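Asks: Quick note on this note's numbering: the first sequence kicks off at 1 and runs consecutively.
Misleading hints may appear alongside valid ones.
Said to hold, decoys possible - Think about it this way: if two alpha-carbon atoms lie no more than 20 Å apart in a straight line, the pair counts; the simulated EDC-like pairs of lysine to aspartate or glutamate are:
hint, residue 1, residue 2
1, Lys-389, Asp-475
2, Lys-185, Glu-230
3, Lys-277, Asp-317
Just so you know, these hints were derived from the structure itself, not from any lab. Since this is a predicted model, take the numbers as computed values, not measurements.
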Amino acid sequence: MALVIYNTLTRKKEEFVPLHPGRVHMYVCGPTVYGDPHIGHAKSYISFDAVVRWFRYLGYRVKYVQNITDVGHLTDDADQGEDKIEKKAREEKVDPWEIAQHYTWSYFDDMDALGVLRPNISPHATGHIIEQIELVKKLLEKGFAYEVNGSVYYDVRKFPEYGKLSGRKLEELEAGARVEVNPEKRFPLDFALWKKAEPGHIMKWPSPWGEGYPGWHIECSAMSMKYLGETFDIHGGGIENAFPHHECEIAQSEAATGKPFVRYWMHNNMVTVNGTKMGKSLGNFVTIKDALQKHSPLTIRFFILSSHYRSPVDYSDQALDAAEKGLERLHNSVRQLYRAMGHATEVANFTPPFSIDAFKQRFEAEMNDDFNTPKAIAVLFDLSRELNKYINAPGPHHLPFLKEVEGFYQTFANEVLGLLPKDISREPTAETQELVEKLVQLTVEVRGELRKQKLWNLSDKIRDELAQLGIIIKDRPDGSSEWEIKG
RNA sequence: GGCGCCGUACCCAAGUGGCUAAGGGAGAGGUCUGCAAAACCUCGAUUCGGCGGUUCGAAUCCGCCCGGCGCCUCCA
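With these hints in hand, go ahead and build the complete structure from the sequences.
Replies: Right under this line is the structure:
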């Protein structure tokens, strides 16, 4: 079954055909590192993480590039105002390079915690000044840009296709323009490729036009084409960046190379709070670090993947609590599977109680339909229901079959969606863990004796105290007990 | 004002022309249990914001209306 992707450029789902067979070249706009990442970032990068993981499952060799914007992103309207990183640096009374470094690490810390695989290349804008200058020079040579007083602007009227991604026309944009026009611009919608550094500006570089710094949009064109080629497969990012950021990237890149820039544009929708967009400038954001105080990383990941990447999702603690319970249900099922594998055998004349292959096909079909993670998750729940029924039925259970089911969970729940805890199989990782298990086992056995003697007060006390330590005891009908450590 | 999206059970959330409208949470009843937890079984939208229209057939297409949101200025 073919993979189809919703392409913002055509507003249709299209079959994915890679430019180079067997390979996917993909670029996703990374963060501007002037603050701790929030749940909105989590949605974007978890969504594209699932996309990358799915391509890898399908056998593609993925080259995933995600930039770090550490210069050039201005605070206000188009090409006015202050550099966001310099502003933050002034507020915190440190230099801008420290700000960029600090929040870059903060970003990766949070992504690591959420199980987001690192990109293959994480280029920094400040590390690619030369490439950006070269691109600006090329645009000047080709007549798509003009220099005014040490700054260089892109002449959007020279690029007739400007607006093709976001479905806008220049006249409409001009009419709706709400910001004061920079007098250096020939046309209100022209945008900065290079900005002259005003006195006191710290992050600046020499250029053919004097000391200055690159505009925001140019970095993505320069870096994506450097690492992925002048035409590449997929460019992703938040929907709010479709215009103007991605529109400008297209204009710059296609004007410079004369070739199509990107084949498939993918945009994730946003996270809302009480129905309103979560955004840095709105101040209604919840940082990932804050969220992790209340919810586990897997819960956040599960919550994000439970809605489609192109749909908005409303963040609330209640919603996260519900997600946590749902995810726990899934985990219980997998834990039960590992427990059952411990005493399963070969069953003669075994008839499978359900078809694993059918589940696999369903899962693949859902993911191939524009990465429909909510439906893929529903498939996991359906499998868990079937598996629970089988395991709860009188044994013995067929080990090869259970192993196949395990393979399913490992492949799809773990490798593709990243939703299983590392220790889900409860394999002891160290002697100490073994010792803990033996001690708990001993305690549980003693409690079993107490229960036989109907010393309920004492046995309940042991159960409650162990629960306080995170060890949950579950008594079975036949008088034996199971236990597990809750993370 | 321009462009675009959404409105599905108590909550979250799939489904975009045709089998019984996924899945999760919460809830109710049941099995099991000394109790509890977990697990399992059963129940829950004759209906998809409203009103019209197209069609043999629509939650799905078209029109209007109501409500919410996004982009058009920085934001994943």
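Asks: Take the hints in turn and mark each one as holding or not.
Replies: Consistency of the hints with the structure:
Under the criterion of a C-alpha separation no larger than 20 Å, the hint pairing Lys-389 with Asp-475 is consistent with the structure, at around 19 Å. For the proposed pair Lys-185 and Glu-230, the alpha carbon gap of about 28 Å is over 20 Å, so the pair is violated. Distance hint between Lys-277 and Asp-317 is fulfilled; the C-alpha atoms sit about 16 Å from each other, no more than 20 Å.
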